[in-house]
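**Q** Here's the letter readout for the chains.
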Amino acid sequence: AQSVTQLGSHVSVSEGALVLLRCNYSSSVPPYLFWYVQYPNQGLQLLLKYTTGATLVKGINGFEAEFKKSETSFHLTKPSAHMSDAAEYFCAVSPLPDKLIFGTGTRLQVFP
Amino acid sequence: DSGVTQTPKHLITATGQRVTLRCSPRSGDLSVYWYQQSLDQGLQFLIHYYNGEERAKGNILERFSAQQFPDLHSELNLSSLELGDSALYFCASSASFPADTQYFGPGTRLTVL
Chain A
1 AQSVTQLGSH VSVSEGALVL LRCNYSSSVP PYLFWYVQYP NQGLQLLLKY
51 TTGATLVKGI NGFEAEFKKS ETSFHLTKPS AHMSDAAEYF CAVSPLPDKL
101 IFGTGTRLQV FP
Chain G
1 DSGVTQTPKH LITATGQRVT LRCSPRSGDL SVYWYQQSLD QGLQFLIHYY
51 NGEERAKGNI LERFSAQQFP DLHSELNLSS LELGDSALYF CASSASFPAD
101 TQYFGPGTRL TVL
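Taken in order, these protein sequences are the chains called A and G. For the first sequence, my numbering assigns the number 1 to the initial residue and increments by one for each residue that follows. For the second sequence, my numbering assigns the number 1 to the initial residue and increments by one for each residue that follows.
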């Protein structure tokens, strides 16, 4: 069965520091991979997605992720954190075009 | 703003009751998905409809049902409510099937007392 593991339920960084949120997936077929962000009391917003092609995917708000098939990983990074990045981040896999399987989420805190 | 609307935003009800959650997809989107977000279960896929037809079911309880109407809006019906049904219910829509990007609504927060 397909699944997603997000390492670290909480990540804290200082403003201006590198953000690294980890995601590993399990899928028997080449998956579609996504990162969504959820701000307090809001719905989920798509940050970026990987379907096929270039393995380095650039998203909104300066985030990017790299699909590494050999490591079954899709980690999310941002070179310099901003206070407004504080939110919960979800990695998701879509092995079939009928549902998303989400990880448990990582809450990002950004300190001044 | 994703273009997906959900009503109501908040719903408070008692155990044993029945409620209906409503979702309007983005203009032109044919697929509607329902998800439940709770503290203990996380984000769980419930059900997917495409152009009025059920396409996939996830961890949806038998007490729950959904439908998609000819105007493409969808309703999620929850009956015989239990305390554990308290959660955020999200609707998402996508343009086509198969599709790869789902756009989420703001959610309906259900509290069962």
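Hints may contain errors.
Derived SDA-like pairs: lysine to any residue, alpha-carbon spacing no greater than 20 Å straight-line [stated by the list, open to error]: (1) Lys-57/G with Arg-22/A; (2) Lys-49/A with Leu-113/G; (3) Lys-57/G with Tyr-39/A; (4) Lys-9/G with Leu-39/G; (5) Lys-49/A with Ser-2/G; (6) Lys-49/A with Asp-1/G; (7) Lys-9/G with Gln-45/A; (8) Lys-57/G with Asp-98/A; (9) Lys-57/G with Asp-1/G; (10) Lys-9/G with Lys-68/A; (11) Lys-9/G with Ser-86/G; (12) Lys-68/A with Arg-22/A; (13) Lys-9/G with Leu-113/G; (14) Lys-68/A with Ala-87/A.
Just a few of them, taken from the derived set where beta-carbon distance is under 10 Å, the chain G residues facing chain A [what the hints assert, rightly or not]: (15) Leu-11; (16) Tyr-35; (17) Tyr-50.
Under 8 Å between C-beta atoms, here's a sample of chain A residues computed to sit facing chain G [unchecked claim]: (18) Tyr-39; (19) Leu-44; (20) Thr-77; (21) Asp-98; (22) Lys-99; (23) Leu-100; (24) Thr-106; (25) Arg-107; (26) Val-110; (27) Phe-111.
If you're looking for bench data, these hints aren't it; they were derived computationally from the structure. Even for Gly, the Cβ is constructed at its ideal location relative to N, Cα and C.
**Q** Does Tyr-39/A pass the interface hint, meaning its C-beta sits closer than 8 Å to a C-beta of chain G?
**A** Violated: closest Cβ of chain G sits about 11 Å from Tyr-39/A, beyond 8 Å.
**Q** Check the hint pairing Lys-57/G with Arg-22/A against an upper bound of 20 Å on the C-alpha distance.
**A** Roughly 28 Å between the alpha carbons, so the hint for Lys-57/G and Arg-22/A is violated.
**Q** Are Lys-9/G and Leu-113/G close enough, with their CA atoms no more than 20 Å apart?
**A** holds, 17 Å
**Q** Hey, does the Leu-100/A contact hint survive, CB to chain G under 8 Å?
**A** holds, 6 Å
**Q** Given Arg-107/A as an interface hint, is its Cβ closer than 8 Å to any Cβ of chain G?
**A** violated, 13 Å
**Q** Taking only the CA atoms, is the gap from Lys-49/A to Ser-2/G under or equal to 20 Å?
**A** holds, 16 Å
**Q** Lys-9/G and Leu-39/G were given as a pair; does the straight-line alpha-carbon distance stay at or below 20 Å?
**A** Holds. Lys-9/G to Leu-39/G sits at ~18 Å (cutoff 20 Å).
**Q** Mind checking the CB of Thr-77/A against every CB in chain G and telling me if the closest is under 8 Å?
**A** Where the cut-off is 8 Å and the nearest Cβ of chain G is about 21 Å from Thr-77/A, the hint is violated.
**Q** For Lys-68/A and Arg-22/A, compute the direct alpha-carbon distance and say whether it is at most 20 Å.
**A** Status holds; Cα separation ~12 Å.
**Q** With a cut-off of 20 Å on the C-alpha distance, tell me whether Lys-9/G and Lys-68/A pass.
**A** With a Cα-Cα distance of about 39 Å, the restraint between Lys-9/G and Lys-68/A is violated, given a limit of 20 Å.
**Q** Given the hint that Lys-57/G pairs with Asp-98/A, does the C-alpha gap stay at or below 20 Å?
**A** Roughly 9 Å between the alpha carbons, so the hint for Lys-57/G and Asp-98/A holds.
**Q** Given the hint that Lys-49/A pairs with Asp-1/G, does the C-alpha gap stay at or below 20 Å?
**A** holds, 19 Å
Going through the hint list in order, the structure does not satisfy hints 1, 2, 3, 9, 10, 14, 15, 18, 20, 24, 25, 26, 27.
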